[in-house]
Amino acid sequence: MVAISPDDGSAIDLREPARAALLSWLVPGLGQLYQGRRLKGWLFMTAIVGCLLAGLWIGGGRVAYCLWKPGARRLEFIGQAGIGSVALPALIQSWSLSTAGRPLLPGGWFAPPLMLHQPVAQAYAARLQRSEPALTFYRDARDNSLRSGADQLSVWYLALGRFFDVGTLYVTIAGLLNLLVIYDAWAGPLRDAEPAVAGDAGPPRGDRAKAGR
Amino acid sequence: MTPAHLATIAMPVVAHALDHVPGLLLGLPLLVAASLVFAATRHEDPAAIKRGALQWLGWLGAVLGGVLVAVLILASLA
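Respectively, the protein sequence lines represent chains Z and P.
Start counting the first sequence at 5; every next residue gets the next number (the numbering used here).
Start counting the second sequence at 45; every next residue gets the next number (the numbering used here).
Quick caveat, the hints were computed from the structure, so don't treat them as lab data.
The structure displayed is predicted, hence computed values, not measured ones.
For each residue, glycine too, the CB sits at the ideal point set by N, CA and C.
Be aware that one or more of the hints could be misleading.
To be verified - Okay, the calculated bits of chain Z under chain P, using three or more residues with CB under 8 Å as the criterion:
1) 7–14
2) 39–47
3) 167–174
Unchecked claim - In silico SDA-like cross-links for lysine to any residue, where the CA-CA straight-line distance does not exceed 25 Å:
4) P/Lys94 to Z/Val53
5) P/Lys94 to Z/Ser158
6) P/Lys94 to Z/Lys73
7) P/Lys94 to Z/Ala25
8) P/Lys94 to Z/Leu183
9) P/Lys94 to Z/Ser9
10) Z/Lys73 to Z/Asn148
11) Z/Lys73 to Z/Leu150
12) P/Lys94 to P/Leu70
13) P/Lys94 to Z/Leu194
14) P/Lys94 to Z/Gly40
15) P/Lys94 to Z/Val31
16) P/Lys94 to Z/Tyr38
17) P/Lys94 to Z/Gly54
18) P/Lys94 to Z/Ala7
19) P/Lys94 to Z/Tyr187
20) P/Lys94 to Z/Arg195
21) P/Lys94 to Z/Asn148
22) P/Lys94 to P/Gly110
23) P/Lys94 to Z/Arg42
24) Z/Lys73 to Z/Ala15
25) P/Lys94 to Z/Leu150
26) P/Lys94 to Z/Ile16
27) Z/Lys73 to Z/Ser158
28) P/Lys94 to Z/Ala58
29) P/Lys94 to P/Leu108
30) P/Lys94 to Z/Ser149
31) P/Lys94 to Z/Pro110
32) P/Lys94 to Z/Asp12
33) P/Lys94 to P/Leu75
34) P/Lys94 to Z/Leu92
35) P/Lys94 to Z/Ala15
36) Z/Lys73 to Z/Asp12
37) P/Lys94 to Z/Arg131
38) P/Lys94 to Z/Trp46
39) Z/Lys73 to Z/Arg42
40) P/Lys94 to Z/Ala163
Just chain Z, with the same shape it has in the complex:
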């Protein structure tokens, strides 16, 4: 499939647009690199992955996660899901944590915070107690399950203050910007509406540029 450059009317080979869009979703700019649009690929990768990493750094690695429970919906995840390399592990971690005993991905990255009284696997609780001593756990006498004795999100807010929100903003905006990048990989550059000029029934701007050469 071919798109037309809005700058000089030249053809842009989009190769397989669906595959390119998927690659750009997984890693910003990767789809453009696959299409041979190197400058744009590296530019997107630098700008968006830079924002993503800065956000994760500012937010202590805690700001990208999926939590979708009544009363605790992480709406920012809708934006963050614009980057597949964030959305996929976040979804896996969220799914793993929803059933105590299921192992989490190594390192605990992108895991949602534990809610108060949430059941938790022994191994994960032990790991958290080492890394976040402020968290407490208790055994529920009714079913002998191990449960969280603290709201982990509050612990994160206490440690990070406003930087939790700043980090969240960075990662969310990176995800939203990547939607434009995915579209660019799918269909080529966005084009502004052609200005309506009375009596001008000529070809689109790209073709005009070609004709002028």
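Dock chain P against chain Z, hints included.
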């Protein structure tokens, strides 16, 4: 040492370091990234991308700066 351990150790250090950065400056990298992405998704030619990015930077800076001024005026009146 797992990434989670590193993150926990890094959190207070990061928070302390960023405490010395004015809040407004934290928005500048986002503004630059958004301008670059907006321009690069509308152009293919490097020179046009550069021109477009500067235009977007001006627009976004003016709009967000305007909002900031309005908020500051409202805050001073309150």
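Verification of the supplied hints:
no., hint, result
1, 7–14, "holds (count 5)"
2, 39–47, "holds (count 4)"
3, 167–174, "holds (count 4)"
4, P/Lys94 to Z/Val53, "holds (20 Å)"
5, P/Lys94 to Z/Ser158, "violated (43 Å)"
6, P/Lys94 to Z/Lys73, "violated (44 Å)"
7, P/Lys94 to Z/Ala25, "holds (24 Å)"
8, P/Lys94 to Z/Leu183, "holds (21 Å)"
9, P/Lys94 to Z/Ser9, "holds (16 Å)"
10, Z/Lys73 to Z/Asn148, "holds (24 Å)"
11, Z/Lys73 to Z/Leu150, "holds (20 Å)"
12, P/Lys94 to P/Leu70, "holds (23 Å)"
13, P/Lys94 to Z/Leu194, "holds (16 Å)"
14, P/Lys94 to Z/Gly40, "holds (20 Å)"
15, P/Lys94 to Z/Val31, "holds (23 Å)"
16, P/Lys94 to Z/Tyr38, "holds (23 Å)"
17, P/Lys94 to Z/Gly54, "holds (19 Å)"
18, P/Lys94 to Z/Ala7, "holds (21 Å)"
19, P/Lys94 to Z/Tyr187, "holds (20 Å)"
20, P/Lys94 to Z/Arg195, "holds (17 Å)"
21, P/Lys94 to Z/Asn148, "violated (62 Å)"
22, P/Lys94 to P/Gly110, "holds (24 Å)"
23, P/Lys94 to Z/Arg42, "holds (16 Å)"
24, Z/Lys73 to Z/Ala15, "violated (47 Å)"
25, P/Lys94 to Z/Leu150, "violated (56 Å)"
26, P/Lys94 to Z/Ile16, "holds (19 Å)"
27, Z/Lys73 to Z/Ser158, "holds (17 Å)"
28, P/Lys94 to Z/Ala58, "holds (23 Å)"
29, P/Lys94 to P/Leu108, "holds (21 Å)"
30, P/Lys94 to Z/Ser149, "violated (58 Å)"
31, P/Lys94 to Z/Pro110, "violated (41 Å)"
32, P/Lys94 to Z/Asp12, "holds (15 Å)"
33, P/Lys94 to P/Leu75, "holds (15 Å)"
34, P/Lys94 to Z/Leu92, "violated (33 Å)"
35, P/Lys94 to Z/Ala15, "holds (20 Å)"
36, Z/Lys73 to Z/Asp12, "violated (50 Å)"
37, P/Lys94 to Z/Arg131, "violated (48 Å)"
38, P/Lys94 to Z/Trp46, "holds (14 Å)"
39, Z/Lys73 to Z/Arg42, "violated (41 Å)"
40, P/Lys94 to Z/Ala163, "violated (40 Å)"
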